[in-house]
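Chains B and Y supply the protein sequences, listed in that same order.
Per the working numbering, residue 1 is the first one in the first sequence, and the count goes up by one each step.
Per the working numbering, residue 1 is the first one in the second sequence, and the count goes up by one each step.
None of these hints come from the bench; they were simulated from the model.
There may be inaccurate statements among the hints.
Claimed, not checked - Here's a subset of chain B near chain Y, in silico, CB distances under 7 Å, partners left out:
| # | residue |
| --- | --- |
| 1 | 73 |
| 2 | 162 |
| 3 | 166 |
| 4 | 183 |
| 5 | 205 |
| 6 | 206 |
| 7 | 212 |
| 8 | 213 |
| 9 | 215 |
Claimed, not checked - Rough simulated footprint, nothing fancy, chain B against chain Y, three-plus residues with beta-carbon under 8 Å:
| # | region |
| --- | --- |
| 10 | 25-38 |
| 11 | 81-94 |
| 12 | 161-169 |
These numbers come from a predicted model, not from an experiment.
The C-beta atom is built at its ideal place from N, Cα and C for all residues, glycine as well.
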Amino acid sequence: MIQQVLVAALAGSAVTALVALAAYRLASARAVHRLRAEADRQTATLSQASAAQRELIGVHEQHMQELEATLAQLRDELKTQSDSADAVRTELKAALDSKDQLGHKAAQLAAEAARLKGLAGTFERWHEQMISLMTQNQDMHTKNHELSSIVRHVVIVSLNASIEAARAGAAGRGFAVVASEVRALAARSEELSKSYRDSLHRNDLTTTATFQDIQAGGKMIAASLSSVESLANQFHATLH
Amino acid sequence: MGIDVISAHAKESVEHIFFRAIRSRLTMEASDVCEIVPADAHGAHSLSDGNLVILTISGIAFRLLLILQYDEDERTQSYFLREESERPFLEVFLEICNLCCGAVNQELLQYFPDLGMSTPYVLSARCRPYLEALKPEFLASYSVSINDAVRLGATICMCAHAPIDFVAEASALEDTSGELELF
């Protein structure tokens with residue numbers, strides 16, 4: 001009996017164990033299945049994420065290429081700009097050099113104009129000659145005036161001689177002829193003296209007019225040179 | 001040299017400028033009456049008397065001689081000397097003539113940029129007829145009377161070797177002071 005019970009108990013245990021085993025297997029199969037499904041889902045998610053990342057990498061690579069292209073373009077542009085800046089710098093230097101040269105020339109021009117203004121002194125020197133010439137003319141006027149008064153005196157003397165000759169009658173005839181001749185000579189001398197006086201007046205006028213023209217012309221040239229000098233100085237000032 | 005080297009406008013302009021200068025510089029007071037008539041007209045100043053003050057304005061193409069004739073009589077001396085008794089008459093009068101010529105020069109500079117002016121010089125009035133020897137293109141003489149007391153002679157003698165043509169702008173301020181008496 002006990003054996004039966006033991007067998008039965010063993011059998012029962014065995015059955016229970018089998019049932020438990022079966023239940024365990026079933027449960028584990030279910031768990032495996034669930035885990036696999038989960039793994040599959042996660043794999044799918046991962047592959048999706050991986051695809052998205054690949055896509056992103058592609059996009060980024062494209063961006064990078066674009067950026068590199070832009071960079072290359074910018075580098076080219078920089079080179080071009082740098083080249084043209086060099087050219088401009090060279091041109092600027094040339095322009096500055098030429099400006100300096102122009103400034104130098106303007107200063108030279110101003111100095112030359114200032115130097116030539118000294119010509120005014122030359123014209124003044126010529127004008128001073130006029131005073132000397134006019135003094136000589138004045139001296140000739142005085143001498144001519146003296147000559148004229150002598151001639152007038154001779155006329156009076158010759159008139160007196162004629163009167164005395166007439167008084168002497170026949171004896172004075174020869175003397176009357178001489179007195180008349182002297183009067184005629186005095187008259188001619190008087191004419192000559194008048195003509196000489198007129199010539200001196202004419203000479204006074206032409207000498208004065210000529211030398212004044214020289215003096216005024218000299219001032220005109222000096223004034224013109226002053227304006228050239230001033231223009232050159234203004235030009236020089238604008239260059240610096 | 002043709003007769004038209006100096007245009008009629010230019011002659012008229014020089015004459016007007018000279019008249020303006022005479023009226024403004026030879027009168028000692030603004031209220032003084034200054035009459036200018038052509039020298040051959042009524043009661044003109046005898047041109048063989050006294051002395052001449054000669055001044056020259058030179059340009060590139062012309063020279064202009066301005067001549068003022070004066071008598072050193074009492075009326076003339078007292079008019080120009082006024083209260084000034086220390087300086088000799090001639091010195092004062094030459095300064096006035098210089099100012100008169102300077103005024104002409106100043107106005108002409110508006111039309112001719114290059115001009116120069118001489119200093120004055122005194123000659124006998126007997127020299128005046130020989131102005132013709134300078135072969136002027138424009139020669140005109142006037143009699144100037146100030147306050148009907150002081151009489152002066154004024155002559156323009158302009159020689160040109162290139163055509164001169166310009167019209168002086170009328171200065172309204174001074175042109176109204178009696179120029180119409182002449183024209």
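Hint by hint, here is what the structure shows:
A cut of 7 Å between beta carbons decides the hint on residue 73 (chain B): the least distance to chain Y is about 62 Å, and the hint is violated. The interface hint given for residue 162 (chain B) is violated, since its Cβ lies 32 Å from the closest Cβ of chain Y, which is over the 7 Å cut-off. For residue 166 (chain B), the shortest C-beta to C-beta distance to chain Y is roughly 38 Å, which exceeds 7 Å, and the interface hint is violated. With a cut of 7 Å, the hint placing residue 183 (chain B) at the interface with chain Y is violated, because the nearest CB-to-CB distance is about 27 Å.
A hinted interface residue such as residue 205 (chain B) counts as satisfied when its beta carbon comes closer than 7 Å to some beta carbon of chain Y; here the least separation is about 4 Å, so the hint holds. This hint holds: residue 206 (chain B) has a C-beta 6 Å from the nearest C-beta of chain Y, less than the 7 Å allowed. Contact between residue 212 (chain B) and chain Y, as hinted, is supported at the beta carbon level, the nearest pair being about 4 Å apart and thus within 7 Å. Using the Cβ-Cβ criterion of 7 Å, the hint placing residue 213 (chain B) at the interface with chain Y is satisfied: the shortest such distance is roughly 5 Å.
Given the 7 Å rule on beta carbons, the hint for residue 215 (chain B) holds: about 4 Å separates it from the nearest Cβ of chain Y. Counting residues of the region 25-38 of chain Y whose CB lies closer than 8 Å to any CB of chain B gives 0, so the stated coverage by that chain is violated, three being the minimum. As drawn, the region 81-94 of chain Y meets chain B at 0 residues by the rule of a beta-carbon pair under 8 Å; below three, the given contact is violated. Proximity of the region 161-169 of chain Y to chain B, defined as three or more residues with a beta carbon under 8 Å from a beta carbon of that chain, is not established by the 0 residues found.
Of the numbered hints listed earlier, those contradicted by the structure are 1, 2, 3, 4, 10, 11 and 12.
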